[in-house]
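Peer 1: Given next are the chains, with one letter for each unit.
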Amino acid sequence: MNVETEKTMHTPLFALHSSLGGKMVPFAGYELPVQYPDGIKAEHLHTRTAAGLFDVSHMGQVLIRGKGAATALERLIPLDIMEMAVGQQSYSVMTNDQGGIRDDLIVCRWAEDEFFLVVNADCKQADLAYLRAELADQEVTELKDRALLALQGPQAADVLGTLAPVVYMLKFMTGSSARVAGFDAYVTRSGYTGEDGFELSVSAADAEPLARQLLADHRVSPIGLGARDSLRLEAGLCLYGHDMTASTTPVEAGLQWSIGRERRRDGERAGGYCGAEIIMEQMVQGAKCRRVGLRVEDRAPVREGALVINLQGDEIGKVTSGGFGPSVAAPVAMAMVAAEYAVSGTRLLALVRGKPRSVLVTQLPFVKRRYFRG
Amino acid sequence: MSHTPEELMYTESHEWVRREEDGSVTVGISDHAQEALGDVVFVELPELEAELAAREEVAVVESVKAASDIYAPVSGTILAVNELLEDAPETVNEEPYNEGWIFKMSLSHPDELDKLLSAADYRLQCEEE
Chain A
39 MNVETEKTMH TPLFALHSSL GGKMVPFAGY ELPVQYPDGI KAEHLHTRTA
89 AGLFDVSHMG QVLIRGKGAA TALERLIPLD IMEMAVGQQS YSVMTNDQGG
139 IRDDLIVCRW AEDEFFLVVN ADCKQADLAY LRAELADQEV TELKDRALLA
189 LQGPQAADVL GTLAPVVYML KFMTGSSARV AGFDAYVTRS GYTGEDGFEL
239 SVSAADAEPL ARQLLADHRV SPIGLGARDS LRLEAGLCLY GHDMTASTTP
289 VEAGLQWSIG RERRRDGERA GGYCGAEIIM EQMVQGAKCR RVGLRVEDRA
339 PVREGALVIN LQGDEIGKVT SGGFGPSVAA PVAMAMVAAE YAVSGTRLLA
389 LVRGKPRSVL VTQLPFVKRR YFRG
Chain B
7 MSHTPEELMY TESHEWVRRE EDGSVTVGIS DHAQEALGDV VFVELPELEA
57 ELAAREEVAV VESVKAASDI YAPVSGTILA VNELLEDAPE TVNEEPYNEG
107 WIFKMSLSHP DELDKLLSAA DYRLQCEEE
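Chain order of the listed sequences is A and B. Counting from 1 along the first sequence, just add 38 to a position and that's the residue number in this note's numbering. Counting from 1 along the second sequence, just add 6 to a position and that's the residue number in this note's numbering.
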């Protein structure tokens, strides 16, 4: 652990969380609300039916600027960055030499030679050091004085649209500068819940007044980390450090879709990123293990770390994320299993406190994703 | 503020204990505990007739958030478990002291009850947390 994460930090919304009755817990070096008085289940369901406001200011916001930034970033990220339009955003990964995932991230093109990255809080310092070392000709700036809010749910567009009509023009995975209730923000139509919604990067000073303005809308409730986790799990979205790590490749993690077309074996700029040979080989041959969804047959939640065994009793994998899905109204989990078992409908067992619990390999997501694609 | 009925006994690990007329005890988790756990989604009930030492893990209450162990407040044998919780685990949140009871047990050493906390002592402990 480095010095910077040893003491707990506060996001610009710390005072707001406390005043809303948030139950604060340490998370990735920050003190953040795991839930508010409504509780995780109610917060989760509210986000799926109305709109939830999340403080994700702990995540790293990084600006990469300089001539040739797109070409330079393509050496680190297997994405078609050269082809990205201004205002376009993509989910991707940074890989290591073994094809493992250093971090997953969002890349958004702000200008011809300017890219906005959102990286995981836990990886932030390592990512910055890596980006600075690898992108010597580019300016790499951590946007420390900015907060990041997420407004998610089927009513998010109408809530935000009343404050900034321009957001109606955004489709899933695009972004634009906007004045929201008088505050300057960079707004993208994206999120981590499987719902339609937005992420707003704003100056730290504007974060609380903007959040209060959003919360003044009766459709909006504040949502803590607990529901954030159950929402993303139901949506089948990976959590770094759990569903994927530095020793998981994008193919194993089921993220090969995130690799740009031109970066694949038959693409115009095939490979050219760390671990490309290993990843491209796996994309053709298949990987030894795969991330899958697990439906749990009875009511006992199957949580991270539970061993997965086949019906003969051989260990064939491990649960990487698991819990109760309030919208599914049942336990749900994701696991990394040997490839031969990564077939929907395969019956397996997960060991919960030594007891085998019947699970069924299932397609992800557990709930339909409702992104706005125009 | 959570509810802590006077007539019950409590443990440091947040179980409540009610002495029944037949000499057995009924056990559940306190209002304070259910509030801290949040929405209960599963209760792993004890095995009937299991023989337990005081403070031994006996059941598990799982909320959306996490799994929490429930401990036997005294030594004895499991006489009954609340099967209602299999289909309606949320009863632990809704009625922690009545319908949300978890198990009944006999006592091998009735004097162990003297070591349990009174409602006043338990309230004090919760405030200090």
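Note that these hints are calculated values from the structure, not bench results. Remember, it's a predicted structure, so these values are computed and weren't measured experimentally. Certain hints may be false.
Unchecked claim - Computed list of chain A residues with no C-beta within reach of chain B, every gap over 10 Å:
id	residue
1	65
2	72
3	168
4	312
5	337
6	353
What the hints assert, rightly or not - Selected chain A positions facing chain B (Cβ under 8 Å, derived; list incomplete):
id	residue
7	195
8	270
9	338
10	365
11	391
12	394
The beta-carbon is built from N, C-alpha and C at its ideal position, and this holds for glycine as well.
Peer 1: Give a verdict on every hint.
Peer 2: So, going through the hints one by one against the coordinates:
Look at residue 65/A: its CB is around 13 Å from the nearest CB on chain B, clear of 10 Å, so calling it non-interface holds up. Interface exclusion of residue 72/A from chain B breaks down, the closest Cβ pair being 7 Å apart, not more than 10 Å. With a least beta-carbon separation of about 33 Å from chain B, residue 168/A lies farther than 10 Å from that chain, consistent with its non-interface assignment. For residue 312/A, the non-interface assignment is confirmed: its Cβ lies about 36 Å from the closest Cβ of chain B, beyond the 10 Å cut-off.
Remark: the non-interface label on residue 337/A conflicts with the geometry, its nearest Cβ contact in chain B lying 5 Å away (cut-off 10 Å). Interface exclusion of residue 353/A from chain B stands, the closest Cβ pair being 21 Å apart, more than 10 Å. A cut of 8 Å between beta carbons decides the hint on residue 195/A: the least distance to chain B is about 27 Å, and the hint is violated. Violation of the interface hint for residue 270/A is found here, the shortest Cβ-Cβ separation to chain B being roughly 14 Å, above the 8 Å cut-off.
Evaluation of the residue 338/A hint against chain B yields a held restraint, the C-beta minimum of about 5 Å falling below 8 Å. At a threshold of 8 Å, the smallest CB-CB gap from residue 365/A to chain B is about 12 Å, leaving the interface hint violated. Of the supplied interface hints, the one on residue 391/A holds, with its beta-carbon coming within about 7 Å of a beta-carbon of chain B, less than 8 Å. For residue 394/A, the suggested interface contact is broken, since its CB lies about 14 Å from the closest CB of chain B, more than 8 Å.
Hints 2, 5, 7, 8, 10 and 12 from the list above are not met by this structure, while the remaining hints are.
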